[in-house]
Every structure is written in C-alpha cells, then in structure tokens.
Amino acid sequence: MMKGFKQRFRSKSKKDKDSAASQNSNSHSTHSSSSSHNANSNSNTSSNAGSNAGSRNSSPSPQPQSQSPLHQKTQNNPNKNPSKFKTKTKTKTKTKTKTNNRQQQQQQQQQQQQQQQQQQQQQQQQQQQQSPTPDATQSLQLNQSNAHPNIPSNNNEFPQSEIDFLKYHTAHSPFDKVPKDDLELKPKTPLRHSSSRFEPSANAQSFEKSPPFEEVDPQFHVDLFIQKVIQCKILFDFYDPSADIQGKELKRITLHELTVFISTTRLTFTEEMYRHVVDMFRINIFRPIPPPVNPIGDIYDPDEDEPVYELGWSHMQLVYEFFLRFVESPDFNNSVAKPFIDHKFVLTLLDLFDSEDNRERDCLKTTLHRIYGKFLSLRSFIRKSINNIFLTFIYETDHFNGISELLEILGSIINGFALPLKEEHKIFLIRVLIPLHKPRSLSLYHPQLAYCILQFLEKDPSLTEEVIMGLLRYWPKVNSPKELMFLNEIEDIFEIIDPQEFNKIEIPLFAQLSKFGGGAGFFRVK
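Counting in full-length UniProt numbering, the final residue of the sequence shown is number 526, and the numbers go up one at a time with none missing.
Everything labelled a hint here was simulated from the structure, so no lab data went into it. One or more hints might be untrue.
Claimed, not checked - The calculated lysine-lysine pairs, modelled on DSBU-like cross-linking and capped at a C-alpha distance of 35 Å, are:
1. LYS438 with LYS426
2. LYS384 with LYS459
3. LYS438 with LYS482
4. LYS374 with LYS459
5. LYS338 with LYS209
6. LYS426 with LYS482
7. LYS344 with LYS374
8. LYS515 with LYS477
9. LYS233 with LYS374
10. LYS233 with LYS209
To be verified - Derived Cβ-Cβ restraints for the label pairs, each shown as a range:
11. TYR239 with ILE430: 45 to 53 Å
12. ASP279 with ASN503: 56 to 64 Å
13. ARG252 with LYS515: 57 to 65 Å
14. LYS209 with TYR474: 57 to 65 Å
15. ARG370 with TYR474: 31 to 39 Å
Every residue, glycine too, gets a C-beta built ideally from N, C-alpha and C.
Based on the provided sequences and hints, a complete structural model is requested.
What follows is the structure, given as structure tokens:
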C-alpha cells in the first residue's frame, strides 16, 4: 500500500515539473490548433506508470507547438474524459457562429433600410420636380447658379416652400438678379370696387346695327322698336375700355334713337312693348350696390374726397332718359303698365338711392317722382317704403347716400297734401322727420329736411309746438356747427309762426337759447 502511494506521488510531482517546463517554453496557441493538442494529450494520458518512470531520467522532448491552457488542464486531470472537452469546444464554436450570423443579419437589415430611405428620397424629389412649384421657388431655381453664396446651392438644402424662403435675409434674395420679363406678375385687384359690376352678356359680340326708324315703313315701327329694345338688353364690360368698342357705340346710338322716337312720335304702346321696356330697364339698371368707398357722415369732404362714378354711366344715363320719356309719354297707359311696374320694382328702385354716384341719384329722384305721379295705387306704398328707409337710417345703419334726394321727393309730395292733414301724415312728421335731426350726418340733408318741416307748418300751424319741442329734445350739447343748423331752422319757423303758438313754446325755447348763448360754443359759432 505504501509503495502504491509513493509511485502516485512521484508521478504527480513529475507531471507538475513537466507542466512548469511547458509554460516557460512558448506562448499559448490559437483555437485553430486545439485538435492537435487534444491528440497529444490523449497519447500522454494513455502512457502507464512505467513509461513515466523511464522518462524521468531522459531529457524532455521538444514540442513543436505550445500547449494551450485547455491542454494543460487535461494533463493535470488525466482521469477526465476527453470526449466531454470536445463537446464543450463544439458548443462554444456554435455560439460564436450564431453571434456572427446575428451581426451579419443586423448589418444586412441596416443596409436594406438605408437603401429604402434613399429610394424614398429619390421618389420625393421626382414628385417635387413633376408637381407645380410656387412662383417664388420657380424663379429661384432658374437663377440658382447666380444666387448669393450665403444661400445654399444644393437642391436638398434649398428651401422647398415660400415660408422657408422667407427665412433668408432679403439682402441675399436672388430675386434681385431675376429679369423682370421672367417674373409672372399678376394684377392686383382692389379690395373694394368704386363702381357697380355688371356681368357682360355672352352674346355681346352679336350686337348688330338695325336700320333707323326713318328708313322703315311706319307700319313696321312697332316691330323695329321691340327689336331695338331687345338689342339694348345686351350688357358690355366697362372695366375693360378696349373690349367691344364697336358694340358699345352701336348700343349708345340705338338708345339715342329710341329716346328720340318716343319723344317725337305718337304711337299706341302695346303690352309687348311695356314688357320689353321694363325688362330692359331692369337688366341695365338693377344691380347690387357695392360697399361705400368714401367716408360717411361729417368726415366726408366733397373738396378732398374724390366722387365715385359708375363706369357704365354712358349707357345707364341713356337708359334712364329713355325710360323717363317712355313714362312721361302721352301714349303711356297706367293700367297696361301696372303688371310690370309693381311693388317689387319700386323697392328695388329705392334701394338704388344708396348709390354713391350723385348723377344716378338725380335720375332716380326724377324717375320715382314720375312713377308716384302716374300710379295712384303705388303712392301709399312708396311713402311707407321711404319711411322704412328713414327709420332704418336713424336707428340702425346711420348711413344712406340718398336721404337728401328722398327728402326732396317728399317735399314735393307734402306740398300736394290736401287739407286737413291726415293723421298718418302727422305721425310721419313727429316720428320720422323730427328724429332725422339725430344722426351725425345731418349737414348732408338738413336744408331738405327743414323745407319738409316748413311745408307741414304752413299747412297746419297747430303742429308748431310739437315741432319745437321735438327740436329741443334732439338739441345738440357739444356740437356747435349742428347747434347753428338748429338755430337757422328755428329762425325759419319764426317767420311763419302764429303768435298764439309762439306763446306756448317761448319759455322752453328761450331757456335753451340762454344755455347756448352762455356756453363756450357761442363764441366759436359766432
């Protein structure tokens, strides 16, 4: 038993010496030479104790390659099975290959993603080149080679929209070097039109000159009259002075011929003539009124603010004149024309009084007055419609251009009122005419308003107290020019006032005048 223990101790010590010598001989080898080391280790482990004893006296044989640490462990542990070591190395090599494969797959995926992104960028660039770009980017791309050096010349860095372009400083803008002929300049349209806009007719170029009435047999005058009226329904574009010059001139001549024919020729008007004449007037005159251009109220100064005129007035004036001659003709029959000149016609005509062209308002004033005189059935409706316009102006809009013209019409209407005055006329004076002193734009229509009130007082002096008390109720407190207008109106009333009526209003009137005389505004007015 002791001998066996000694032999094992000696063999162990010998193995320790051999392992120390192998560590000092050479460096460790790579994983590729592990198989040869394993074969040598197997041969060493298969040697018996006798061979170990015999080799103790002999010198160690030189090894062609250095042993790896794994080989050393197998030598130190001869009892271990070498097949287990092989399986471990195989599993390690498998895991390494798996990790390498994963890394390769990840790299391939990254490359594919990069290629897809590049393809998407190329497609976007192609779409941007095919799609229409704004004028600013087009002109900048044309002169990109001549652009300022501070602006990037690369297509990817160049701004793709107008908002991005505005971020660059204007001093570096390539617009300075773009020729004016290359820029697409669009005309600026005004925000508000000073003139009404008519829609030109589609058959404007088909306007042909018809023969004059003198060259046609009188029995065909009615047919020729209707033909000329139908031709005058064609509208032309007056925003373009160079458009249809010949057609505009032919229409002007035709309207003039119709006016002369109505004024000089006696003719029985047929129902078809009434229908076509009223229809032609509607087409040429009735339209929506554009928003005001000049200031409203006291701010408006006729000397400084330019007057607003209709561009198509050369035709509109002739249409007004022809229609007026047609209504004033002795051959005009009210009963036949009544279905065509109705309430709707009158309301549309009153709306046109808001036009800023004073020439048109004068024509409207004369036309409405002729209709009021011809159509008895429309008189009450016309007065009520005018009252509504006044009330809307006083309490809602505070703006209407034709107040003075409407008051002129009412002045002639009031002058024709029969005595005694009807109750509705007195209500109109107290509730409509007196409150017209309230708006700020009183100076634009005060002479016409004062004339209407004087017409009422001349017909009925008993209304003097109500008129004076109404003026005191609306008497201005800080507007001296407006106070002066009130004083002038009271002065005109004193000239026609009845002494008995003066005793009723003397105390409140002079109390108000005393405030006016003692105020600081008296000196400014004086």
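Hints, one by one, checked against the model:
1. LYS438 with LYS426: 19 Å, holds
2. LYS384 with LYS459: With a Cα-Cα distance of about 21 Å, the restraint between LYS384 and LYS459 holds, given a limit of 35 Å.
3. LYS438 with LYS482: Holds - the C-alpha atoms of LYS482 and LYS438 are around 10 Å apart, at most 35 Å.
4. LYS374 with LYS459: With a Cα-Cα distance of about 24 Å, the restraint between LYS374 and LYS459 holds, given a limit of 35 Å.
5. LYS338 with LYS209: At roughly 32 Å apart (the allowed maximum being 35 Å), LYS209 and LYS338 satisfy the hint.
6. LYS426 with LYS482: 25 Å, holds
7. LYS344 with LYS374: 17 Å, holds
8. LYS515 with LYS477: 10 Å, holds
9. LYS233 with LYS374: Since the Cα atoms of LYS233 and LYS374 sit roughly 25 Å apart, the hinted pair holds (cutoff 35 Å).
10. LYS233 with LYS209: Within the cut-off at roughly 14 Å; holds.
11. TYR239 with ILE430: 45 to 53 Å: 47 Å, holds
12. ASP279 with ASN503: 56 to 64 Å: 60 Å, holds
13. ARG252 with LYS515: 57 to 65 Å: At roughly 59 Å between Cβ atoms, LYS515 and ARG252 fall inside 57 to 65 Å, so the hint holds.
14. LYS209 with TYR474: 57 to 65 Å: The hint (57 to 65 Å, Cβ to Cβ) holds, given that LYS209 and TYR474 are roughly 59 Å apart.
15. ARG370 with TYR474: 31 to 39 Å: 34 Å, holds
Hint compliance for this structure: no hint is broken.
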